[in-house]
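Participant: So you can see what is in the structure, the chains are spelled out below.
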Amino acid sequence: MHYQTESWNSYKPTKSSSSSSSSSSVITDPLAHIGRLASDNAVVIFSISTCCMCHAIKRLFCGMGVNPTVYELDEDPISGKEIEKALILLMGVSSVPVVFIGGKLVGAMDSVLASHINGTLVPLLKQAGALWL
Amino acid sequence: MASHRIEESALSDFGHIPYAVPHMIHPPTTTFTNQEGSAFDFGELEEAIVLQAVNETKQPLYTGRPAATLEMFPSWPMRFHHTIRGSSKSGEESTDSGSAVHTLSSRGEGSRLEPESPVGRKTDSSSDHRVIDQMHHFQLPQQIDMASGSDSPRTGMSQAQPVAKTTSEKRRGAGSNSERMLDAKTLRRLAQNREAAKKSRIRKKAYVQQLESSRIRLSQLEQDLQRARSQGFFVGGGGGAGGNISSGAAIFDMEYARWLDDDHRHMSEIRTALHAHLLDGDLRVILDGYIAHYDEIFRLKGEAAKSDVFHLITGMWTTPAERCFLWMGGFRPSELIKMLTAQLDPLTEQQLMGIYSLQRSTEQAEEALSQGLEQLQQSLTDTLASGSVNDSMHQMAVALGKLTNLEGFVRQADNLRQQTLHQLHRVLTVRQAARCFLVIGEYYGRLRALSSLWASRPRETLIGDDISCQTTTDLQMVQSSQNHFSNF
Chain A
1 MHYQTESWNS YKPTKSSSSS SSSSSVITDP LAHIGRLASD NAVVIFSIST
51 CCMCHAIKRL FCGMGVNPTV YELDEDPISG KEIEKALILL MGVSSVPVVF
101 IGGKLVGAMD SVLASHINGT LVPLLKQAGA LWL
Chain B
134 MASHRIEESA LSDFGHIPYA VPHMIHPPTT TFTNQEGSAF DFGELEEAIV
184 LQAVNETKQP LYTGRPAATL EMFPSWPMRF HHTIRGSSKS GEESTDSGSA
234 VHTLSSRGEG SRLEPESPVG RKTDSSSDHR VIDQMHHFQL PQQIDMASGS
284 DSPRTGMSQA QPVAKTTSEK RRGAGSNSER MLDAKTLRRL AQNREAAKKS
334 RIRKKAYVQQ LESSRIRLSQ LEQDLQRARS QGFFVGGGGG AGGNISSGAA
384 IFDMEYARWL DDDHRHMSEI RTALHAHLLD GDLRVILDGY IAHYDEIFRL
434 KGEAAKSDVF HLITGMWTTP AERCFLWMGG FRPSELIKML TAQLDPLTEQ
484 QLMGIYSLQR STEQAEEALS QGLEQLQQSL TDTLASGSVN DSMHQMAVAL
534 GKLTNLEGFV RQADNLRQQT LHQLHRVLTV RQAARCFLVI GEYYGRLRAL
584 SSLWASRPRE TLIGDDISCQ TTTDLQMVQS SQNHFSNF
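Chains as they are written, first to last, in our numbering: chain A, 1 to 133; chain B, 134 to 621.
These are calculated hints, taken from the structure and not from any lab test.
Careful: at least some of the hints might be erroneous.
[Stated by the list, open to error] Coverage of chain A stretches by chain B, computed from C-beta distances (three or more under 8 Å per stretch; other residues unrestricted): (1) 53-59; (2) 105-113.
[Unchecked claim] Dumping the calculated SDA-like pairs for lysine to any residue here, alpha-carbon to alpha-carbon at most 25 Å: (3) B:439 with B:393; (4) A:81 with B:527; (5) B:535 with A:89; (6) B:471 with A:59; (7) A:81 with A:36; (8) A:81 with B:533; (9) A:126 with A:110; (10) A:85 with B:533; (11) B:439 with A:48; (12) B:535 with A:127.
Computed from a predicted model, the values in this text were never measured in an experiment.
Where a beta carbon is used, it is the ideal one built from N, C-alpha and C, also for glycine.
Looking at chain A on its own, in the form it has when it is part of the complex (with noise of 0.2 Å):
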């Protein structure tokens, strides 16, 4: 799996990697999971239902037309905790929103705003397919 390195550029898959499947009980590696989740479709956004920001980068996309992935962690009885955990880890600060387009990390709302303002979250966009024109 590949990351987009914007302005973290210091993220080692294979280490962190290692660590977490050392502790996870039930997926065995849950970053190759999120992974695996975020390649299947163009827009993939984690989530908890009840997270006010996570319902404010929904309500973004879908009125720039697209249709995106939604994984309401909260709502995964099996793999939902090992998620949230392995996003934080990726993350560092906060679990959730985190956006995956076209199989690449974008990022949290912050790195999300800042895409759309300087222009480069529409063609993203296009390129994953979940735009036309």
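Starting from the structure of chain A, add chain B where the hints point.
Facilitator: The following block gives chain B in isolation, referenced to the frame of chain A:
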């Protein structure tokens, strides 16, 4: 203490002092005890009355003398006390009863009065009754109307004199029978009256002291308010005025005030650079400095959001006019773009496209954040509205947790503003960008000045020195801010 014994005997026939004028018609079966905090020491007075009454038992009550001795009434406990003790046996003509009433009415305003006329050394039993009336009269200053009080003793006297005649006869009779029998009762009552009078004196003193200290405190508060009001206008619209803001908010207000000063400096720098037609390279340096200046305020706001998000989101750090157009703790980026598009001509087609897409993306982002905030408010409302009484602590904890999300929204909104300014800087040329930022700075400067002007506009309904002082301060501030207006 034979005199006291005699006083007791006379007093036994007196009941409580009535508090209203009509009571004067009744035979004075009341004691002269005043329990209600009068300035007048009735304890001493009734001793004197009793004393005098006993002295005059041999004389008829109503002598027909028009000028009864009333000197004892104007006097107040201390001197009264001394002279009564000293000269209970002597007889003196008192001032006219009418004038005494007047002096009493003028002095019976509830404060501690100074003795002005010599203590009454009355020899006339008729004045006993007038004493009773005067006592009633002294009650009246404690009541609402003084006027009726001063009139009624005169009428009351004429009515009550025949009654008092029988009273004094009764007194005479009682006094001649057994002084010993009256000792205990009257003594005790006298003592109680003294105590009551003392207590009411103390209470009154305490009340007056309380009033005095409250008055001082009020004047201090007014001074503070005046000072804070004048300072508040300098800090940018009253956001820093008063002592009710948190320390994080106060710190941010100070930092924002400093940032505004820096803003003026940067703007004049850009202005001179533009007019001097500096090379693009130099202008770019100045412009980068201005962008960094904006980054600084967003950083400061981020810090402030951690300590006091409400201060930011309610716009208490801004001026009222800015607050009116506030969106999530600051300016609305799409509105700013709309305002700028007219000022930025001429633009190339590519630049126009860039500005247009910037406007669209800021609008979409604003919409998304607003909807997120709305959901937060809805969720908070549901939390506060629901929940049983038993669950209230948990309910509050949940609500507190939800409130922490506010900081996230304010930070995302500031992030949006910062990104918008950076994108403007990217889309436009150096000169265009310099002009653009000058326009932005001037726009908000005018909005701030509008707030001050609005606050200091002449209001005909309010006339007063403090308002005029405020106007002067605001006008001075407006004058200084007008110097910052460029002929841009």
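Participant: Now tell me, hint by hint, if it's right for this structure.
Facilitator: We went through each hint and held it up to the structure:
{"no.": "1", "hint": "53-59", "in the structure": "holds (count 5)"}
{"no.": "2", "hint": "105-113", "in the structure": "holds (count 3)"}
{"no.": "3", "hint": "B:439 with B:393", "in the structure": "holds (22 Å)"}
{"no.": "4", "hint": "A:81 with B:527", "in the structure": "holds (23 Å)"}
{"no.": "5", "hint": "B:535 with A:89", "in the structure": "holds (23 Å)"}
{"no.": "6", "hint": "B:471 with A:59", "in the structure": "holds (23 Å)"}
{"no.": "7", "hint": "A:81 with A:36", "in the structure": "holds (17 Å)"}
{"no.": "8", "hint": "A:81 with B:533", "in the structure": "holds (23 Å)"}
{"no.": "9", "hint": "A:126 with A:110", "in the structure": "holds (20 Å)"}
{"no.": "10", "hint": "A:85 with B:533", "in the structure": "holds (23 Å)"}
{"no.": "11", "hint": "B:439 with A:48", "in the structure": "holds (23 Å)"}
{"no.": "12", "hint": "B:535 with A:127", "in the structure": "violated (37 Å)"}
Of the hints listed earlier, the one the structure fails to meet is number 12.
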